[in-house]
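Engineer: In case you want the letters, here they are:
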Amino acid sequence: MSRFEILRFALRGLAANKLRSFLTTLGILIGVAAVILLVAFGEGASRSIQQNIQQLGSNTLTVSASFAGGGPGGFAGGRGGRGGGPRTQARQLTLDDARALTDRAQAPSVRSVSPVVTANGTAAVYEGTSHTVSQLVGTYPSYFEATNKVVEKGAYFVNDDVVAARKVMVVGRTVADELFGAADPVGRQVTVSGVPFTVVGVLREAGSSGMQDADDVAIVPLPAVQQSLTGFGPLGSIIVQATGAGTTDAAQDEVTAILDQRHGIAPGGVADYRILNQAALQETVSSTIGVFTALLGAVAAISLLVGGIGITNIMLVTVTERTREIGIRKAIGAPRSAILGQFLTEATVLSLAGGLAGVLVALAGSRFPVAGIQPVVVPSSIALALGVSVGIGLFFGGYPANRAAKLRPIQALRHE
Amino acid sequence: MSVPVLSVRDLSKVYGEGDARVHALRGVSLTVERGDYVAIMGASGSGKSTLMNILGCLDVPSSGRYLIEGTDVGSLDERRLAVLRNRKIGFVFQSFNLIPRMSALANVELPMAYGGVGAAERRARALAALERVGLADRVRHEPNELSGGQQQRVAVARALVTAPSLLLADEPTGNLDTASTRDVLGIFDELNVSGRTIVIITHEDDVAERAKRVVRLVDGRIVDDRRQAPVEGAPPRARTPEVPA
Ligand SMILES: Nc1ncnc2c1ncn2[C@@H]1O[C@H](COP(=O)(O)OP(=O)(O)OP(=O)(O)O)[C@@H](O)[C@H]1O
Ligand SMILES: [Mg+2]
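Chains as they are written, first to last, in the UniProt record's numbering: chain F, 1 to 416; chain H, 1 to 245.
Hints are computed from structural coordinates only; laboratory data are not their basis.
Treat the hints loosely; a few may be bogus.
[Said to hold, decoys possible] Simulated crosslink set (EDC-like; lysine to aspartate or glutamate; CA at most 20 angstroms straight-line): (1) F:Lys406 with H:Glu145; (2) F:Lys153 with F:Asp177; (3) F:Lys18 with H:Glu145; (4) H:Lys88 with H:Asp77.
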């Protein structure tokens with residue numbers, strides 16, 4: 001019998017029981033799609049988390065006053081709040097603290113120090129358009145490098161601008177879009193609390209990091225924001241960049257030593273500041289992601305297993321149900337190869353159709369973000385899901401069919 | 001005389017083990033010449049079906065030899081056995097055994113598909129065979145849309161479409177009414193007239209009367225072997241228009 005003939009027989013066999021064929025295909029489809037989507041979701045989540053961490057900067061330490069109650073970066077620090085903390089001894093971070101950290105002799109592992117003052121929810125106006133900037137950051141130029149903020153259009157502000165307290169501003173993508181729309185923001189004047197700032201640059205889009213829009217920022221020279229908005233009070237935080245990935249821990253020790261001395265903290269005493277170490281955070285998160293990925297992998301494996309058992313079940317039932325038919329075919333002279341060929345082809349067509357449809361569904365499904373996470377399809381998961389389901393389909397379609405085809409015709413015919 | 005179509009020597013068949021052992025056949029020897037029409041009779045459980053299944057190469061004997069046209073069946077491998085079943089033997093079951101959800105035409109075409117006959121010729125021959133059993137107007141029907149008699153005629157068409165030298169039928173009329181029985185037996189008579197060798201199992205005397213030879217089985221042994229008509233020539237009841245009364 002020709003291959004074509006066997007294929008025709010197989011298709012006819014499948015058409016003879018459309019519902020069962022459909023359900024088998026559906027089972028395989030769901031199994032394959034679930035695996036690919038779960039893995040894609042896991043991959044997307046871990047990428048987005050990693051991206052978020054990288055946005056925080058590389059090899060940086062964030063020093064913030066610990067009684068200010070702010071999160072990493074100490075957002076609330078810019079509004080003063082002196083005396084509001086629980087510890088009477090506690091001191092705010094000052095510009096002098098920041099300067100002390102730049103001491104090459106005491107802090108050789110420190111590459112740059114950027115004092116930061118932040119004003120949250122400040123209204124910026126441009127020709128009647130108003131936008132509330134969620135984060136207005138006053139800092140030094142080294143801040144850009146330490147926090148991986150790259151100017152895409154225009155220029156950074158420089159040390160001269162800081163010294164002269166020039167009212168210049170680098171804005172994030174969101175601010176640029178909200179205030180200027182399609183127009184080029186560089187060179188235009190934005191009014192913040194009645195003070196005009198000149199936009200000199202636009203940051204490259206960072207994407208949203210969790211709840212917060214990382215592009216809804218404006219960065220200005222530290223004295224400019226202090227003069228016009230926050231006053232010359234304490235710093236919100238100090239961003240310290242270490243000289244390299246291997247020196248962040250050393251830098252943390254140096255910063256701790258300097259600040260302990262300046263703030264009069266006894267060895268072993270409770271510090272009135274805290275240091276967030278980027279590298280340590282990254283390490284923790286990496287291991288968390290590892291657990292997360294393993295968990296998703298386990299779920300994917302289980303769904304593949306369940307799908308596989310479904311395929312196995314249907315294939316076994318199909319062949320058992322059709323043992324009589326196999327007997328009839330043998331009785332009228334079908335060679336074993338033709339019978340086996342037909343059943344294998346049926347199983348292949350079902351598993352391939354289901355598997356490929358599953359891949360298509362997964363590819364379509366992965367275009368939609370779930371809970372803010374854009375799934376990223378991992379090619380090897382497609383190969384694995386397809387391979388396992390087709391393999392299971394072939395084995396459990398082929399093995400019982402082969403067993404039935406080996407029977408004497410009369411045994412197959414008597415089969416109930 | 002030419003080589004007999006089939007010849008069995010000292011055939012025995014034992015089912016089961018230990019206490020459950022059943023001797024279904026106890027040394028059956030039988031030779032059937034080309035063109036013969038043999039009816040096998042016997043009480044229920046006497047081993048008729050067991051013998052027939054072995055003759056049809058659907059089952060293997062526990063001991064004894066079986067030759068089809070001089071070839072020892074026991075020496076054939078699986079592949080040759082399939083060819084033998086396909087080319088030399090047509091088998092009609094008591095329970096029809098058509099493949100469900102396949103049209104009458106597709107069922108009749110099936111043996112030729114396994115025999116490697118081309119699609120066009122297959123169709124033509126299947127239609128001719130269905131026409132011969134009087135079902136030209138039912139070729140598109142599936143088995144569950146046909147009456148018992150019609151199903152049995154489809155089964156007969158399937159058995160004869162490959163032009164086998166040996167037609168075996170296990171109680172082909174057991175489930176049929178008198179009219180359908182007459183139809184099916186009429187076809188057998190015609191086939192025998194045209195030279196086919198037929199072996200048929202039956203319980204009914206009036207079916208047996210139409211055969212040229214009647215073999216009786218009791219308890220797995222042949223106890224009676226009676227010839228009613230010569231091997232050459234038409235079966236006793238066949239309408240033979242070429243011989244004027
Ligand atoms: N597969 C089997 N396993 C065990 N015993 C069997 C099997 N097939 C038949 N037998 C036994 O072999 C004996 C002969 O059975 P067989 O089917 O040949 O009888 P039969 O002459 O065709 O009867 P009937 O006229 O009722 O069809 C019976 O006693 C039966 O119980
Ligand atoms: Mg019987």
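Engineer: Now tell me, hint by hint, if it's right for this structure.
Structural biologist: Hint by hint, here is what the structure shows:
1. F:Lys406 with H:Glu145: violated, 31 angstroms
2. F:Lys153 with F:Asp177: Holds, at about 13 angstroms.
3. F:Lys18 with H:Glu145: holds, 19 angstroms
4. H:Lys88 with H:Asp77: holds, 16 angstroms
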